[in-house]
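Trainee: Per UniProt numbering, the sequence shown starts with residue 1, numbered consecutively.
In short, the hints are calculated from the structure, not lab data.
Just so it is clear, CB atoms sit at the ideal spot from N, CA and C, and this is done for glycine as well.
Any given hint might turn out to be false.
[Unchecked claim] Here are the simulated EDC-like pairs of lysine to aspartate or glutamate, each with C-alpha atoms no more than 20 Å apart in a straight line:
1. Lys125 with Glu67
2. Lys74 with Asp94
3. Lys74 with Asp84
[Unchecked claim] Derived CB-CB ranges, DEER-like:
4. Leu113 with Asp65: 37 to 45 Å
5. Pro61 with Leu113: 31 to 39 Å
6. Ser95 with Phe44: 27 to 35 Å
7. Leu68 with Arg115: 34 to 42 Å
8. Arg81 with Ser110: 19 to 27 Å
9. Leu68 with Pro109: 36 to 44 Å
10. Gly66 with Leu146: 32 to 40 Å
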Amino acid sequence: MSSAASPLMQMGPSATPGDDTDLRQRTNAAGIHGLGRIELTVKFGPRSNLVIVIHQITNLPVEDDGELPDPYVKLYLLPDRSKDSKRKTDVIKDSCNPKYDERFEYSIPSNELTRRTLEVNVVNKKGLLFLQRSPKMGQVHLDCGLLDSNKVTQWYDIAPAMDEDDE
1 MSSAASPLMQ MGPSATPGDD TDLRQRTNAA GIHGLGRIEL TVKFGPRSNL VIVIHQITNL
61 PVEDDGELPD PYVKLYLLPD RSKDSKRKTD VIKDSCNPKY DERFEYSIPS NELTRRTLEV
121 NVVNKKGLLF LQRSPKMGQV HLDCGLLDSN KVTQWYDIAP AMDEDDE
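Work the whole structure out from these sequences, hints included.
Mentor: Shown next as structure tokens:
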């Protein structure tokens, strides 16, 4: 995994209140960049498909003017940044802790996983101007060649967004 994707804990019975991952979660609830954390399930399925479930985001920052964001999540399976590769969740209005539980799939042969990166963008849809681009709040990059079948659901720190024209 790249440095932008640092899983902090796996949900489930292994995360007991006394262990190190729980302490890290409590002391760094907004992630190492202060942009929040996202819970994802990412696994390679039996039908040559990459399955992604966007569960939830916690501790997104409020806007500069104090307003709550209207976040959604946009996915790309890089290096392909086309409309065919793009997937999006619904927008959750006025929330720093949105819950999605939305599932997405990409058909991909297993031997191609090592050449692919899943880009997860958190975007703020807030605004009245429908032609205005929605600003990225942050992102996570996951190297698909390094997926761990034992840790399919994990929390990731949201990192600052890299400026790339993806529309």
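Trainee: When the structure is checked against the list of hints, which entries are broken? Sort them ascending.
Mentor: Every hint satisfied by this model.
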